[in-house]
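Taken in order, these protein sequences are the chains called A and B. Going by the working numbering, the residue at position 72 of the first sequence is 72; the numbering climbs one at a time, nothing skipped. Count along the second sequence from 1, add 113, and you get the number used in the working numbering.
Keep in mind that the hints were calculated from the coordinates and are not lab data. Quick caveat, the model's predicted, so the values are computed rather than measured. It is possible that part of the hints are untrue.
DSSO-like, lysine-lysine: derived pairs with alpha carbons at most 27 Å apart [unchecked claim]:
1) K211/B / K167/B
2) K118/B / K150/B
3) K9/A / K167/B
4) K57/A / K167/B
5) K9/A / K211/B
6) K169/B / K57/A
7) K83/A / K118/B
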Amino acid sequence: DGGITQSPKYLFRKEGQNVTLSCEQNLNHDAMYWYRQDPGQGLRLIYYSQIVNDFQKGDIAEGYSVSREKKESFPLTVTSAQKNPTAFYLCASSMITESYEQYFGPGTRLTVT
Amino acid sequence: DQQVKQNSPSLSVQEGRISILNCDYTNSMFDYFLWYKKYPAEGPTFLISISSIKDKNEDGRFTVFLNKSAKHLSLHIVPSQPGDSAVYFCAAYNNTDKLIFGTGTRLQVFP
C-alpha cells in the first residue's frame, strides 16, 4: 500500500526543547513538502525538497530545519527558536513533473507547553 | 498578501441540495487550480482540479468552474451528502513548484 506516513499522531513537548517530526513516503515521489495548519488559516509551506540533499525554504521557515538524506524521508525539526510551535503539521509529496498534485500524510499535532 | 482567498469560512447546506464553494485569486499567472477536502485531524485529500485552459471540469457529483476574467473558481457538489461535511481548501499553482492554499471553507451538510 503506497502512501505517506507521519509519526507520531500527537506529540507533546516542553517549551525550549527541539522536536523532530517524521515523514516517510513509499510513492517513489521526488518532491516532499512540510506545511503547517493553524485554526482559521490555510496550509502554509515551511520547507520543500525536490531532490535528495537539497531543500528550499517556504514561506514560514524560521525556527524550523529539515534534512533530505533519503528520497523516502523528510524529517522536520521544530527548534526552540520557533515562537509558536503548537500547530498541526502536514507532510506531502509529489512527482517533480506534477508538483501541483500533492499527496498528504495524516498529520502530526504538536503541542508545546 | 493572500493570493488565494476563500471568503466564506463556513457553509451549511441541506442534504440533497447543491453546495457551492467559492475561491478568488489575485495572481493571473496561476495555471492550475485544485480543491482538497480535509476531515479533522487528517491530511487533505485531492478532490478535483482544473487547468487554466479550461472553464469546467466534472467528476461525478463534483464540478469545478473557472472564470479567468474574474479570477474566480467555484466547486459545486450536487447532490450534497452528509459525508461531504469537511473543510474544503482551494489551491493554485503557477509553476514555482509551490501550491498556494486558501484559508478553507467548512461545509456542513445536514439531514
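For each hint, the structure was consulted:
Restraint check for K211/B and K167/B: satisfied, since their Cα atoms lie roughly 21 Å apart, inside the 27 Å limit. Pair hint K118/B plus K150/B holds up; C-alpha atoms about 16 Å apart against a cutoff of 27 Å. Among the hinted pairs, K9/A with K167/B is inconsistent with the structure: their alpha-carbon atoms are about 39 Å apart, more than 27 Å. Our distance criterion of 27 Å between C-alpha atoms is broken by K57/A and K167/B, whose separation comes to about 32 Å.
Proposed proximity of K9/A and K211/B is supported: the alpha carbons are some 25 Å apart, at most 27 Å. Proposed proximity of K169/B and K57/A is contradicted: the alpha carbons are some 34 Å apart, above 27 Å. Note on K83/A and K118/B: the hinted pairing holds, with a Cα-Cα distance of about 26 Å set against a maximum of 27 Å.
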